[in-house]
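**Student:** Just so you know, the sequences run in chain order A and B.
Going by my numbering, 172 is the number at position 172 of the first sequence; the sequence numbering is gapless.
Going by my numbering, 26 is the number at position 26 of the second sequence; the sequence numbering is gapless.
None of these hints come from the bench; they were simulated from the model.
Hints are supplied without guarantee of correctness; some may be wrong.
[As the list claims (entries may be wrong)] Computed Cβ-Cβ distance ranges for the label pairs, DEER-style: (1) Arg192/A <-> Leu80/B: 22 to 32 Å; (2) Gly60/B <-> Thr15/A: 44 to 54 Å; (3) Gly110/A <-> Val76/B: 43 to 53 Å; (4) Ala35/B <-> Gly187/A: 18 to 28 Å; (5) Pro83/A <-> Val86/B: 40 to 50 Å; (6) Leu101/B <-> Val54/A: 33 to 43 Å.
[To be verified] Which residues of chain A face chain B? A partial, calculated answer using Cβ under 10 Å: (7) Val22; (8) Ala23; (9) Ser131; (10) Ala183; (11) Val222.
Every residue gets a Cβ at the ideal spot worked out from N, C-alpha and C, and that includes glycine.
In case you want the letters, here they are:
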Amino acid sequence: MQMDYSSIITERPATDMRSSIVAGARAVLPIAIAASAFGVSFGILARDAGMGVVAPLVFSFTTFAGSAQFAAVSVLEQGGALPAAIVAAVLLNLRYLAIGVAVAPALRGGRARRLAEAQLAVDESWAVAQSDGHIDRGRFLGAALALLAAWTSGTALGVLGGGSFGDPQSYGIDAMFPALFLALLVGQLGSRSALRAALLGGTIALVLIPVAPAGVPVIAAVTGALIALQGGRA
Amino acid sequence: MSTPWIVVLTVGAATIALKGAGTLLLGSRTLPSPAQAVIALLAPSLLAGLIVVQTLAADGALAIDARLAGVAAAAVALALRAPLLVALAAAAAVAAAARALGAA
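Using the sequences and the accompanying hints, generate a full structural model.
**Tutor:** In structure tokens, the structure reads:
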């Protein structure tokens with residue numbers, strides 16, 4: 001395939017960009033397989049919550065953030081109030097304010113283009129593409145597009161074929177989420193300050209779980225990065 | 001409008017704004033280096049927070065259940081340098097087994 005493109009593209013950076021996108025998609029492939037399984041379980045939950053077929057698909061495509069979508073739909077499925085479902089999801093997604101700032105330097109083009117590219121930021125695409133705060137643009141786009149395809153197609157499979165899969169919890173799917181984040185974390189622990197940030201973030205979240213509303217412990221974990229930095233300088 | 005659509009559109013719009021705010025406000029400017037140093041440490045702190053919450057939080061309280069057994073199994077698999085999908089499968093299988101044996 002690459003041979004076919006080389007005649008069209010004269011600019012060297014463009015071919016580098018293409019191989020970088022492919023590398024990102026390859027790197028994220030095992031995660032994308034897991035993400036499609038999560039998508040199936042989200043689709044099943046959404047169907048059980050009476051969301052219909054189209055709404056869960058639009059949800060996965062626009063929000064594209066698993067934990068927030070699960071939180072919102074779980075609240076609805078348990079008969080919770082509408083504002084509670086919205087607040088839980090938005091709180092969980094507050095971290096994307098920070099991730100959005102982190103990926104901003106890697107985005108290109110006009111405002112509309114950058115706004116669209118920023119939507120591709122999810123925990124996994126960001127973690128796969130970043131090292132020491134620097135984002136590889138091609139890896140980011142490749143990883144994110146593979147994840148988006150996996151997540152939305154998984155959602156469709158879950159919504160349409162839900163009944164034949166049974167209860168995702170009985171397969172232990174919910175334990176796969178933290179396991180995936182653990183694997184991503186291992187790849188981020190290159191320095192002592194990173195290790196310190198992780199320990200602080202985990203501890204802060206742990207302490208806040210019993211006292212703060214859902215979503216707050218994860219956002220508060222971000223302050224672990226600040227404290228780790230201060231500690232490193234002292 | 002039905003409840004699911006209100007959730008989908010409200011949360012969708014809020015998420016688009018949250019993800020997009022960084023690039024719209026920053027443009028092509030780069031952050032000062034102290035802020036960059038913090039951003040470099042965001043990933044480990046945030047991922048650790050997510051792991052703790054998704055392993056131990058249940059309805060606003062701490063809970064030790066089948067998920068912890070699953071994540072422990074994944075940790076062992078990762079320590080043994082198993083491929084990611086093997087580690088994830090171990091997490092799911094051990095959590096499912098713990099649940100089948102009566103863990104919550």
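**Student:** Hint by hint, note whether the structure agrees.
**Tutor:** Verification of the supplied hints:
Checked against the given bound of 22 to 32 Å, the beta carbons of Arg192/A and Leu80/B, roughly 24 Å apart, stay inside it. Taking the beta carbon of each, Gly60/B and Thr15/A are about 51 Å apart, inside 44 to 54 Å as hinted. Checking the proposed 43 to 53 Å range against Gly110/A and Val76/B shows it holds: the Cβ atoms sit about 48 Å from each other. Hint check: Ala35/B to Gly187/A, Cβ distance near 23 Å, so the stated range 18 to 28 Å holds.
Checked against the hint of 40 to 50 Å, the C-beta distance between Pro83/A and Val86/B comes to roughly 42 Å, which is consistent with it. The hinted window of 33 to 43 Å between Leu101/B and Val54/A holds, with their beta carbons roughly 39 Å apart. Below 10 Å, beta-carbon pairs count as interface contacts, and Val22/A has none with chain B, the closest being about 19 Å; its hint is therefore violated. Against a cut-off of 10 Å between C-beta atoms, the interface hint on Ala23/A is violated, since the closest Cβ of chain B lies about 16 Å away.
With a least beta-carbon distance of about 9 Å to chain B, the hint placing Ser131/A at the interface is held under the 10 Å criterion. Restraint check, Ala183/A versus chain B: the minimum CB separation of about 5 Å is within 10 Å; hint holds. A hinted interface residue such as Val222/A counts as satisfied when its beta carbon comes closer than 10 Å to some beta carbon of chain B; here the least separation is about 6 Å, so the hint holds.
The structure fails to meet hints 7 and 8 from the earlier list, while all remaining hints are met.
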